[in-house]
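Student: Protein chains in written order, with our numbering: chain A, 1 to 110; chain B, 1 to 903.
These are computed hints drawn from the structure, not numbers from a lab. We treat Cβ as the ideally placed atom computed from N, Cα and C, and that holds for glycine. The reader is advised that the hints may include incorrect statements.
As the list claims (entries may be wrong) - Computed beta-carbon distance windows for the label pairs:
#: 1; chain 1: B; residue 1: G43; chain 2: A; residue 2: T70; range: 22 to 30 Å
#: 2; chain 1: B; residue 1: A83; chain 2: A; residue 2: W67; range: 27 to 35 Å
#: 3; chain 1: B; residue 1: R91; chain 2: A; residue 2: G48; range: 26 to 34 Å
#: 4; chain 1: B; residue 1: A25; chain 2: A; residue 2: D41; range: 27 to 35 Å
#: 5; chain 1: A; residue 1: T70; chain 2: B; residue 2: L457; range: 56 to 64 Å
#: 6; chain 1: A; residue 1: G48; chain 2: B; residue 2: E80; range: 16 to 24 Å
#: 7; chain 1: B; residue 1: L98; chain 2: A; residue 2: G48; range: 51 to 59 Å
#: 8; chain 1: B; residue 1: A83; chain 2: A; residue 2: R68; range: 34 to 42 Å
#: 9; chain 1: B; residue 1: L424; chain 2: A; residue 2: G48; range: 40 to 48 Å
#: 10; chain 1: B; residue 1: R820; chain 2: A; residue 2: G48; range: 56 to 64 Å
#: 11; chain 1: B; residue 1: L457; chain 2: A; residue 2: R68; range: 52 to 60 Å
#: 12; chain 1: A; residue 1: R68; chain 2: B; residue 2: L424; range: 22 to 30 Å
#: 13; chain 1: B; residue 1: S45; chain 2: A; residue 2: T70; range: 48 to 56 Å
#: 14; chain 1: A; residue 1: R83; chain 2: B; residue 2: S45; range: 43 to 51 Å
Claimed, not checked - The calculated lysine-lysine pairs, modelled on DSBU-like cross-linking and capped at a C-alpha distance of 35 Å, are:
#: 15; chain 1: B; residue 1: K38; chain 2: A; residue 2: K19
#: 16; chain 1: A; residue 1: K19; chain 2: A; residue 2: K87
#: 17; chain 1: B; residue 1: K666; chain 2: A; residue 2: K87
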Amino acid sequence: MPPDRSHIVPGTLEMLVLKTLSLEPMHGWGIGERIQQLSRDAFAVNQGTLYPTLERLLRAGMITAEWRTTENNRRARYYRVTRSGLKHLRAERKEWERSVRAVNLILRTT
Amino acid sequence: MSRLTGWLYTLRALVRRNAADHEMAEEIAFHIDRQARKHESHGLSREEARELAMQEFGGATRWREEARRARGSGLVDTIEQDARETARALRRDPAFALMAIVTLALALGANAAMFGIIDRLLLRGPEHVAAPQQLARIYVTRRTRGGQVATLGWQPYVLYTSARDHARAFSTVAAYVSDRLRVGSGTEARFIPATYASSDLFSLAQVHPALGRFYTAREDRPPAGAQVAVLGYRFWQGEFGGDSSIVGRIVTLSSRAYRVVGVAPQGFTGIERSPVDVWLPMSDWPLDHHVPSDWPTNWRGTQTSIVGRLAVPRQVAEAELTALVRHAYVGNDRSMRSARVSLRSISYNMTGVEPPELRVARLLAGVALVMLLVAAANVTNLTLARAVRRRREISVRVALGAGRWHVVRLMVLESVTIALLGGLLGLVLAHWGGALIRRTLLPNVAWSAMPVDGRVLLWTAMAAVLTGIIVGLIPALRVIRGDVSAALHGSRTSSGSGIDSHGPTRAALQVVQFALSLVLLFAAGLFVKSLYDIRHLDLGYDSDRVLAVDISFPPPDSSSEDAAARSAVAAHARYEDLRARFARLPGVASASIAFGSPLSGVDILRVRVPGRDSLPPGAGGIAIVTAAAPGYFETVGTRMLHGRTFSTDDAFGTEPVVIVNQTMAKALWPGDDAIGRCIMLGRLHGGPCTRVVGVAQDVHHVALKEDALNQVYVPWGQDRHFIAGSVLLVRSNDDDATALVPELTGLLRHAAPDMQSVEIKTFEQLLDPQVRPWRVGATLFTLFGAIVVVVAAIGLFSVVSYLVTQRTHELGVRIALGARRAHVLRLIMGSGLRTAIVGAVVGGAAAIAIGPLVQPLLFDNRARDPWMLAAVATGLLVVAAAASLWPSWRATRVDPLISLRAE
């Protein structure tokens, strides 16, 4: 793992997963890759936390899962975001932006 | 998050847990595969790529657990995992597990057995009796002629009818008499327990027949009634093979024919707890017992037990019945005018107190609880020692993020598992032991249920779980409170604070064990001493060498006075003939005949001394009478102190003579010779002067514990009153008189083919029911005490061993610095013995404090016996010394080099 790649900010993985899935249904490995990609390699997703997060979201009904065949003809479990997932994402996002602004305000204070 | 969808998801995950796991495995495989391909595309070899992907993924197991927890099915997995971990932990330390399980099994087994007994006897009452706590027996307390106050549960039948018809005290009231009836005849005859009961006994108990019906009030109207019988279930099964066509058939009992109207349900024993094989109407009772024909209305007879279901508060009922008795009594016994009625528990005996076997059972139940405490203390100690041993493991767990609660849960789970296994093993022990205690302690109780029934099972399970929780929680909390990082960093350097912090708890538990051991051993010692005293009591006869042969012949012809006299002479000759035949048998030292011999009934005579108006108080003007044939005193082994015994010359029509016992001689003629004096004996035809020809030693006529009573012996051949009820007495040459029984029976089969029944017992067997409570007390207290001492010794041994292991380093340093082995031995032994000594002191104080509790159960010896206490304490200290000797010796063998290098 390159040293300049850091772990996801704690508590934001759910939001990032939902955002990723809102773009298109995806399997577990793909979600990790996509987050890494979208963050321009800034974030590396730890699998040890990714899959439990997926289970948690499934349990909460924010995503659903189904087995599909990949382009390479392999069976993989694809996750899709639900309506309540999208709603949750919006709420989370608002909350996140609010906190980021607040944190920035504090940090910029000279 | 919608809670419902969450639950549904969890539920689904639980139901298809395997499928979910399977899916997950596939998902992981896919993930790793993709990751590997990515690495491969960056130029790694296939194997390297795969390895790296797996590494990145981390422990698949952990991932799976995490995912499961997220799915919400974690709880089930947690339980499963906890159970697995528990099993693993116990398997890893089998010595500990075994010791703990066996210790708890002994204690829980003893408790299960005693609970089964107490439950039946005290908590639930007799079987099939509804709400037994509402029932009460009528006791009448009055002042007897001798000036003593006596309380008895035997009442005249008329008190029952009075209470039934004129009192509001009871909603239902019943009367009954326990008796036995003969089945068959001759040497094959046997006796079955029978109860004559008023018809309302069945409604009192609210019991329903297993077959047919119970008899009705119309069939039981003393003095007239129907000759009907209700069979006991056991008798019906045993004698008639459970044949349901028995109803309406005729059965012959004690030569009388009864029509069977029904069968009582299994286990029904009425108010008493001993088995009953047949139920007969009260109206039939007197026919076999030479009772005056006005028995239903007179106040003289006192044979029935009256039990009612209270309809008003106890005190109100007692007051009402007291007034009733004083008012309704007809007769000239003045004490009845001031008699008091009390209503007491149906589990009490006929003198209105709790029977000794019940008290012993109660005490033993207490002892069993004490055993459980000791066992729990011991296992707690073992667990504590083990927990300290496992501190590193536990610290690592906590450091790795296991919650403290998780650690506590695991430890408690372990101890509960141990306790449940112990309980299971204990139930097996209780099954055997309980049956044994029932046979030896309470052989007369009808036990229909198995020693281990549902209630015992439930109770044991509860006791086991509770014990397990306590045993696990104490060490767990102690360990959790300990400083985790200290334990992690260095086991030895931290041992100073870490280990010794458990010292007080452990020492306290050890002290408790020894204290309780001492109390139990002390009680055992007292009982053993009681038993010893009883065995060495001078009863006034040789109980093991003498057989009493009780024969009943068909009733004599009493149609006329002449016929009666003739049959009396014939019966007389017959007994004499049998006696002579017995005496000729090899192995028989001598044989005699007696009426009213010790342990076979009491006959009382009014005694007067010519020329004296009153006799000394206390001794009173009455004496127990025994009619003795020649050879009686040699045969039973009663010593003569003065004068002569009876001879064949003391026959019918010769000068009436009497032998008195020492107590009577002293009471009537203090400091004077009794020989040659005159006394007058109640209804016997002795005339104005029956001459005293001898003085015999006192004998225990009825009970092991009795005050010296006046006793007189008259020649058996001199009076015709003493035929029915006479017994033949046989003295054996050998210590074991029972060996003669088959020979005697064989002889009787030929010599007396017309006899109705015969019972042959040694005096010892006749005494046995009285000795039983003490024997059982001695046996069980010794057994329980021994178990507790062994448990405590094991505990001390393991704790001292453990201390030695903990202090190896310190001991090594000491030895290296020149400490002598003897000093080290003293050091370690001292720590073990100190707890034992403190325990002995505490236990001694407790023993002295609870002494009065045990006192009524002892035979003549004092409960606060200082010598016994000293002996028991010494014994216990020896055991403690022995238990700590080996580990202490091992401590002296510590090699300083090895112990230091281990650092």
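Student: Hints first: check each against the structure and report whether it holds.
Tutor: Cross-check of the supplied hints:
no. : hint                          : in the structure
1   : B:G43 with A:T70: 22 to 30 Å  : holds, 23 Å
2   : B:A83 with A:W67: 27 to 35 Å  : holds, 33 Å
3   : B:R91 with A:G48: 26 to 34 Å  : holds, 30 Å
4   : B:A25 with A:D41: 27 to 35 Å  : holds, 30 Å
5   : A:T70 with B:L457: 56 to 64 Å : holds, 59 Å
6   : A:G48 with B:E80: 16 to 24 Å  : holds, 22 Å
7   : B:L98 with A:G48: 51 to 59 Å  : violated, 41 Å
8   : B:A83 with A:R68: 34 to 42 Å  : holds, 38 Å
9   : B:L424 with A:G48: 40 to 48 Å : holds, 42 Å
10  : B:R820 with A:G48: 56 to 64 Å : holds, 60 Å
11  : B:L457 with A:R68: 52 to 60 Å : holds, 55 Å
12  : A:R68 with B:L424: 22 to 30 Å : violated, 52 Å
13  : B:S45 with A:T70: 48 to 56 Å  : violated, 24 Å
14  : A:R83 with B:S45: 43 to 51 Å  : holds, 46 Å
15  : B:K38 with A:K19              : holds, 24 Å
16  : A:K19 with A:K87              : holds, 11 Å
17  : B:K666 with A:K87             : violated, 112 Å
The structure does not agree with the numbered hints 7, 12, 13, 17 stated previously, though it agrees with the rest.
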